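Can you join these two chains into the complex? Each is in its own frame, and there are hints to help.
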Amino acid sequence: MGRFWAVFFVASAVIAVGLCWVAPSYGLWFPGTLKGGFGAGVAHSSIGKKIDDLFYLVLVIVAVTYIGTHAVLGYVLWRGATIKPEEKVLFSHGSHSLEVIWTIVPAGILLYIALYQMDVWAAYRFKEFSPKKAEAVAEVTARQFEWRIRYPARGKTLMPTPQPDDVYTVNELHVPTGRPVSISLKTEDVQHAFFVPELRIKQDAVPGLTIPVWFDVDEPRQYEMVCAELCGWGHYKMKARLIAVSDEDFGAWKDKAALEQFDDGFKKPAE
Amino acid sequence: MSTLHPTLDHAGHDDSHGHGHGHHELTFIQKYVFSTDHKIIGIQFLVTTLLMLMVGGALALGVRWQLARPWEYMPIAGDLTFGRDGGQISPEYYTMLFTMHATVMIFLVIIPVLAGAFGNFLIPLMIGADDMAFPTLNMLSYWFMWPAILFFAFALGLGPEWLTHVRGGMDAGSAQGWTSYPLLSALKQAAPGSEMSQTWWLMAVTFVGVSSMMGSVNYMTTIINMRAPGMTLFRMPLTIWAMFITAILQAFALPVLTAAGFMLVADRVLGTCFFIPAGIVVNNAAPTIGGGQTLLWQHLFWFYSHPAVYIMLLPAMGMVSDMLSCMSRKPIFGYKPMVYSMAAIAGLGFIVWGHHMFISGMNPALGMTFMVSTMMIALPSAIKTFNWIGTIWGGRLQFNAVMLNCIAFVSMFIIGGLSGIFMAAVPVDIYIHDTYFIVAHFHYVLFGSTLFGVFAGIQFWFPKMWGRLMNDSVAKVHFVLSFIGFNVTFFPMHLLGVAGMPRRYADPYHFEYLSHLLPLNQVMTAAAFLMGFAQFLLLGNFLFSIFFGEKCGRNPWNANGLEWTAPSPPGHGNFDILPVVYHGPYEYSSPISGDKDFLMQTEYIPLAQRGIESGH
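Protein chains in written order, with my numbering: chain V, 245 to 515; chain U, 148 to 763.
Pulled out of the complex, with its shape left as it was, chain U reads as follows (with noise of 0.2 Å):
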């Protein structure tokens, strides 16, 4: 770049590159349906994502059914879905509802919406690339979560029994737990859900793998080299360098996933026995061969599981630290600590997976090793909590749908981090280990986190998508009522915990010291509906205000981000004028910037205005 100040005109010289790819016509289907523009793709997968949270939901809510009013009728859906059950949940049932609801919330809500719907649609954006590095590599990304979707489905016993030969339909749905841990998942007389849906669950399970790791690539190339001039590393956004830590780490982690995948596949079609040892006898069927071992797919699981749990939260902080420090109007606090914790949950990530082990029977000396390195990695979240603290610290903060859902982001944040001490302190997991105060952690964790960053995300960026406003007032209801119903449906599965009642229990009330905890249940499933129903809200507003939101200009937030130069909703290629960064993301409330209490990455101020050093 030549010249310091980007006009029009000289964006036109640029326009053999920024809009080389628009001059040529695109059909319908080229532009809407096997889109390559990163836009598209992301807004793809974000409405993707979004009818998947609610399969996941209805999930869900089958799982809460059955712990309010076990072995009750259930009207309509049960009807529906398990109609020659006498619309009653069967055990087997209920091992499938809880299986696909974590499949689905994980593999086709958490890591596809962040990944793939903000990462696509806001890495170019955010680095002022006008695309990403591999468009077509990036389409394939999208479209191979259908198979992945497809086979789920007949997973679930969906499919036509003659095509998927899953024998039994939904009762024999996949019931391994999203664990799949073997023999059960290795053996195929060990339960209904071990036949056929098995196979489709792990087959899903790869496709979302290659999805995931077309994406990985693609973000990484596109973080490296296309940065706009002036973007160097450390003016990146945290959301930027969230979506890039999240790459690698899928990239590092995932072959082992999809390795241990095809093992698991290659044992039960082939008959290896890599997870199976010898002389087990499931339900009166012939001893097996074995020679294998099953902890085996514990060590390769939770190597790819672990990081993966880094995957569905990291980019969910980064953009959480862009739309706190937006809407406090005022810079990020400790920008740099913030990218090093992130730097260092995804080292650690990778040396904590034994956690999950504790009890599982591996060398009680390898849980020492665990334990320290998991209590370490409470240490970069703890910072980046106090410093989110230190951003709202002093500001001026504007109470709209998007910071209630950041700020209980932070605040659901440190209740999921400080209910993992308990867990990481090796003895207490003893106790706790596979009862209800580990599935409170983790829903504070992705729910009461990732999935509130979410919203927030979405009720932030959706004007750079449709170039209209949702409806803040609807919003607002809607994070009240999950708010609400979030945290009366998890919180009290802490004391569950401590109670001792076990996770994936059809019917816990059966054993003497469970019996009282089934008025709880009951409360915690009436705020589960109300959460699930609270989602129809953001639905509505979302698919409403496509089309009657208010119009908005490009920036109607008065944020810095490259993505607000862009008109809203952003051409083929992105920016009309090609922009040159001069200031880091974060420079709200600046006292060079005049009037406004925004200075955006691409406005140039002289060296003569800057009254003091910015720092930057």
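With the rest of the complex left out, here is chain V (with noise of 0.2 Å):
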């Protein structure tokens, strides 16, 4: 019986891996553009791939670890069901060559992880793109439940406070891609969090602060724009997109929506 106990925690890690393993061509990875049939989708900002390289990177080190770990709980299981009645049980109290090697190289393991992704954090968040150089496009502020958008006028820039000629989207977040943009992100009401699973970008939206997040977007389309941290019983609807155009449809857009907001009706009167 105990070999059967041995083959049983075995291949419940053999099935995990296996499932890990087939995710992908089921749609249960990442979400983004599809890259050559594999199934995991590829992260549309140059931050998100990085992130999406850090995952993996973790994923590699934790899978070695997993499945060599349960290798050898399967092997010891074995071992202890095999045992025959007259052979002796191993007494031992520990070894101390073996506590130090188990306590250097996971020590070493980690602080290189440590390390290596703190530079992904600094671009996140400090260097690279910090607020200065890229473009304050918009404000969003999030509300019960919904995310409110001011613009700045083309050619202006924005602004803490509301302007008179500031362009206005409910939901719908437009950027222009291929450069780095950001965000002031402000809540009107309770915590909520700013959340584009394709770009890999979230940041809580806190009341009384006001949070600058920066990112690029490199294809211009629709994403998904969500809200992540709980907000209330409609939290799951606050559903909203982040548009992505180039360049110069982000003006002409810009250009429209004014026209259309400000358009009161009153027409030049014919000459």
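Keep in mind that the hints were calculated from the coordinates and are not lab data. Remember, it's a predicted structure, so these values are computed and weren't measured experimentally. Yeah, the Cβ is synthetic: ideal placement off N, Cα and C, and Gly gets one too. Be aware that a few hints might be false.
Claimed, not checked - For lysine to aspartate or glutamate, the following EDC-like pairs were computed, each having C-alpha atoms within a straight-line distance of at most 20 Å:
id	chain 1	residue 1	chain 2	residue 2
1	U	Lys743	V	Glu331
2	V	Lys332	U	Asp742
3	V	Lys332	U	Asp744
4	U	Lys483	V	Glu343
5	U	Lys335	V	Glu432
6	V	Lys483	U	Glu659
7	V	Lys481	U	Glu219
8	U	Lys743	V	Glu330
9	V	Lys328	U	Asp742
10	V	Lys328	U	Asp744
11	V	Lys481	U	Glu659
12	V	Lys481	V	Glu432
13	V	Lys481	U	Asp654
As the list claims (entries may be wrong) - Where chain U lies over chain V, by a calculated footprint (3+ residues, C-beta under 8 Å):
id	segment
14	314-322
15	425-434
16	437-444
Following this line, the structure appears as structure tokens:
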């Protein structure tokens, strides 16, 4: 019976690994444009690509550890199940050198991951497109249960307070592609979080704070934008879109949106 | 102690001490209800938490129902509990469900079953004391759970409206998530569940905190002062080390949560603004006056709740170490590294709370600090895992239900620990934060590890509680169903998280990028129901075995610990022979123990018989 249990636990590990292996082909992996049938979506922002790379690095390390520990676990279980009655149990209180090895090796690996990732975090939060370099395209204000977005008029910069010629949209965030842009994230009521899965961007919107979030989008199309922090009963329905368009289209869209917004039906009298 | 051979005769001299309490007659109520006996209190905690486990499980199945059949009519339970919504789960009801599921499972199951049930039952027995240092305080620590349970019921919307002032029944149950982030939890207008039910919720958490604090003070005092002769610190079973370290964690972390809770109650009731910034307009209410910071709550809350994660894990780690060693008939591998790594987990546990807040808008530089400390806390956990595998290695394994649950603990803890590395990596956490990846991770730690450890512990120490064994075959069936149900429910959640499915969504499928996840969620829900109903096997086995289980003697497992020298069940005052300790607790298959493969801590082996030095 002991052998059955050894196989049972090893089989559970094999199934777990197998499930992860086939998951991308069933769409159970990163969202984003699929790359060559593999099924794993590719991120649409440069920071998102770095996040994916880091994820895969951690995944490899974790997978090797998981398979290794479960192989050893399977071995010791099998051995413990097949031990003969006359065979002596290994009487050991431990091994100093083993303890040293399995302290230093994981410590080294963990420290490697810790140091390696600092760059990506710094890229997201400190350097490269710091808010000064990224153009502030919009102020995004979350509220129960929608997103209100304010853009500066074409050719102007975003001011902290609303201006008379600002352009507004609801639940549609328009951004230009191909260059770093930033948004000022706010909330009008409770806490929300700005999350664009295909860009891998997430930031909480905290009452009383204005938080800059910067990113770039590489492909002009629509991306789903959701709320990722519990904000009340309608948390699940803060459905919005991030609409990325080329630079010219962005300017053209803003002109059109401003025209529509300020249109009061009043026409110049015919001359 | 003047002699190295404790005998019945000798124990007679100590009677005035050991049996001192037993001589005056106790009424039924004193003996079984308001009992000051640590064993009765432990069993009271155990039975209460097992019942709460079923309540929390039922709430979870409600959540799973909605994720598998969104907005569909729920038969039977739907008519009973939300009939006025047509038997459909409403969004506010859904937010209440996951909030109260987490609340019940954390505050009324995991924390009290480990510290309350096993801590109470085992500490005096394992260190050779006749009871806790403060028996009355101990009794109070149990009875302070009941106001908490009552208030949580009010928070759930179950109380009469004239008493609780919760308007709207269960639809207006507490719905802020168990983390209760302001402003959702601070402003009454924010959600139906933010009204009176949230105040009840905070009061209940305070009572749980008071209960835990009383336990914690008691455990520390008892372990420091009341160990039997010869029970040095490094002869203590790892269970006791774990309980000791947990008690320290609780004593230092809990006051912060209690204080934060009172601050939030003050914000809600007295009009203070600790957590409320100015000029916030919620649901067209008047703007807040403000001046506070919502992030302050997150810092205070996680300063308690991250150590609390280890409060919910360390005792199970200790218990599994004891059981693995016994069922492998082999000493624990690396006793001192095990102790030191638990201490390291406890120490580091206080400086990692910020990893819950990587995207919260706190200073990004702080993220780096918390990331490094979080990476480092993985190290002692890894060391413990290797030592558990080392313990099994080369042993004569007894594949009973206790052992199977312990192996499951190790196997599930590896998954839960490794998935933690993803979220410790700050940039990866940007993406997986608040997705189902997190849900998968903490269920692997809290259910996969702790609860399987608890299942093992119940079966292992059940004979000491009742003098009878639990049925091993039923326990094995329960194990297999729970293990399969658990993994099929929770392992795919990693994949949902990678696919970007956010937590706490009543209906994720109306987002295009999540719409294809419904079939998988239906499989998971079926598995969750299997796992949920499998727990009736545990309850049934538990109840049946109390009365009809196979009778056993003092030491059915041939284990070494002091608790196995006491009668089963031990009488008031625990030991008929005052134990004297000569060995560590893990001398299984020792060459000096002769024909037996165990060596009880109380068994004296004359020097002449020791062929070799055991090293202890």
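(request) May I ask which of the numbered hints given earlier this structure violates, with the numbers listed in increasing order? (result) As far as the earlier hints go, not one is violated by this structure.
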